Amino acid sequence: MKRTKVKAALSATQPKEDIQINGWVRTKREGKGFAFVEINDGSCLMNIQAVVDEGLPGWEDMPRVGTGAAVSIDGDLVESLGKGQKWEVRAKALRLIGEADQETYPLQKKRHSDEFLRSIAHLRPRTNKFGAMFRIRSEAAFAVHQFFRDQDYRYVHSPIITGSDCEGAGEMFRVTTHDPSLAGAQSYDQDFFGKEAALTVSGQLTAEIFATSLGDVYTFGPTFRAENSNTPRHAAEFWMIEPEMSFCDIHGNMDLAEQFLKSLVRHLRKHCAEDMELFAQWVDKTLTQTLDSIENDAFVRLPYTEAIEILLKNAKTKKGADRFEFPVEWGIDLQTEHERYLTEQHFKKPVIVYDYPKGIKAFYMRQNDDGKTVAAMDVLVPRVGEIIGGSQREERLDVLQARIRELGLPEEEYWWYLDLRRFGSVPHSGFGMGFERLLMLVTGVTNIRDVIPCPRTPRHLEF
RNA sequence: UCCCCAGUAGCUCAAUUGGCAGAGCGGGUGACUGUUAAUCACUAGGUUCGCGGUUCAAGUCCGUGCUGGGGAGCCA
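Just so you know, the first sequence maps onto residues 7 to 469 in my numbering.
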């Protein structure tokens with residue numbers, strides 16, 4: 007008999023004889039002579055209820071059919087006699103596929119804390135919340151590809167292992183085949199690649215290669231940062247999306263970032279409505295409002311200099327106390343408290359801050375004519391903070407070389423990056439978006455460890 | 001890495017001034033002819049995170065380590 011997925015069974019328009027449901031038992035309710043078994047197979051949020059009468063094949067296993075057990079049920083899909091569900095399965099036969107000992111199975115049919123579920127990350131996708139999360143994650147990845155494909159962007163596989171220490175986005179994990187337990191110095195030229203190697207911290211430089219050949223491109227892959235960050239917003243391994251567009255300035259870049267976020271939110275609300283609703287109802291009561299704002303409100307475009315003016319003007323609360331712990335002045339990098347004030351309190355919607363002082367931004371960002379700022383931009387959203395960071399890239403060879411020298415960076419390491427400016431250089435722009443931060447934004451989940459299957463953070467490499 | 005808070009039954013938590021370690025849920029057993037986090041009855045279940053100290057007496061106070069959470073920095 008061919009298997010029917012729960013999602014298909016529940017969306018039936020008419021009864022159907024002889025179907026097979028395979029899945030895991032969420033809960034069992036027994037009466038005299040019969041039992042209700044609710045089964046979930048991960049295809050959707052809802053369970054399907056099976057009615058199992060005493061005496062049918064497999065009934066002798068019922069005592070061992072408990073929460074967590076894997077079962078296969080043959081039966082007829084019929085309209086439910088009870089309230090609370092339209093369809094149910096009237097079982098004809100039951101098979102216990104995989105038992106789950108009730109004394110030791112950690113998941114109970116009740117709410118568990120996120121912290122506890124994190125300690126059993128191998129079982130947490132079997133809960134409603136994490137099942138919904140990982141279905142949304144899957145759909146979100148698809149939506150990313152669809153968005154770019156619809157606009158004729160090409161998907162570039164940037165390398166995971168890099169020999170370039172000029173990616174310049176943070177501490178790197180070293181990649182080696184050397185045995186650290188061996189004594190004595192082991193030089194890099196005897197290592198696998200014959201030079202120092204590391205896991206990528208950004209696909210941007212590779213994306214620039216392809217932006218200046220295929221035109222509009224994006225990368226979407228794992229990214230690694232060996233920062234000792236202990237926050238709910240950072241992971242050592244995360245997924246990042248990095249579009250890069252030729253013939254595009256900072257304003258086109260901001261336009262794309264805004265369209266991109268709006269499109270993803272719209273897609274997920276349409277295609278994951280049931281799973282999204284779980285988060286709106288149980289995780290974040292303001293989620294609907296937040297998502298409405300992202301979808302419908304124009305994002306604020308705010309030059310850094312004006313952002314500083316707003317912050318200075320509002321440095322005192324109505325009661326006259328200092329609003330900010332860190333004093334505001336032109337030239338500082340915006341603190342988390344400043345970003346949150348702008349997006350959560352002052353504008354109450356997404357804000358794109360751009361044209362930052364060049365002293366606080368990366369060497370490759372395009373210098374503006376004022377001589378003080380660069381064409382960088384950060385997209386700030388309520389609760390998550392910085393979800394996107396990007397810039398127009400410096401395409402002028404002499405200006406880029408001067409900046410590299412000014413900062414004392416090893417110019418020879420950047421030979422191929424400079425070649426892109428040497429031969430047919432064009433204005434181009436791009437940004438990076440943390441995929442997990444997108445998921446936090448659209449679900450209201452406040453800890454990055456709860457939006458990724460197996461979170462990697464300092465001193466945590468379980469699962 | 002820095003600052004703050006917490007750690008008690010499988011889970012979520014309570015325990016007065018330092019004075020007999022408890023509840024709900026979950027588990028087990030039984031009852032119940034349509035349940036919906038089923039209900040009802042009975043029942044088992046503890047190195048109070050580890051180590052050291054103060055005290056007649058420590059879940060409670062002190063020191064230290066570990067683990068978890070929050071905030072900051074770094075950023076996506």
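Just so you know, these hints were derived from the structure itself, not from any lab.
Warning: the hint list may mix true and false statements.
Said to hold, decoys possible - Here are the simulated SDA-like pairs of lysine to any residue, each with C-alpha atoms no more than 20 Å apart in a straight line:
| no. | residue 1 | residue 2 |
| --- | --- | --- |
| 1 | K324 | I314 |
| 2 | K34 | G61 |
| 3 | K34 | S86 |
| 4 | K89 | N28 |
| 5 | K354 | Q341 |
| 6 | K268 | K89 |
| 7 | K34 | T73 |
| 8 | K354 | P309 |
| 9 | K11 | R141 |
| 10 | K13 | G48 |
| 11 | K355 | E412 |
| 12 | K355 | D261 |
| 13 | K322 | A304 |
| 14 | K22 | K98 |
Everything numeric in this text was worked out from a predicted model, so none of it was measured.
Hint consistency between K89 and N28 [alpha-carbon to alpha-carbon, up to 20 Å]: violated (23 Å)
Please work out if K11 and R141 have their alpha carbons no farther apart than 20 Å. holds (15 Å)
20 Å limit on alpha-carbon distance, applied to hinted pair K355 and D261: holds (16 Å)
Is the straight-line distance between the alpha-carbon of K34 and that of S86 20 Å or less? holds (16 Å)
Holds or violated: K324 and I314, Cα atoms, limit 20 Å. holds (19 Å)
Does T73 sit within 20 Å of K34, going by the straight-line distance between their CA atoms? holds (7 Å)
Given the proposed pairing of K355 with E412, does the C-alpha separation stay at or below 20 Å? Between K355 and E412 the Cα gap is close to 38 Å, so the pair fails against 20 Å, i.e. violated.
Regarding the pair K22 and K98, is the alpha-carbon distance no greater than 20 Å? With Cα atoms ~13 Å apart, K22 and K98 stay inside 20 Å; holds.
Holds or violated: K322 with A304, Cα cutoff 20 Å? The given pair, whose Cα atoms are some 28 Å apart, is violated under the 20 Å limit.
What's the verdict on K354 and P309, does the C-alpha distance respect the 20 Å limit or exceed it? Holds: K354 and P309 sit about 17 Å apart, inside 20 Å.
Decide if the proposed pair is consistent with the structure: K34 and G61, CA atoms, cutoff 20 Å inclusive. holds (17 Å)
Verify the proposed pairing of K354 with Q341, using a straight-line Cα cut of 20 Å. holds (18 Å)
Violated hints, in rising order: 4, 6, 11 and 13; the structure is consistent with all others.
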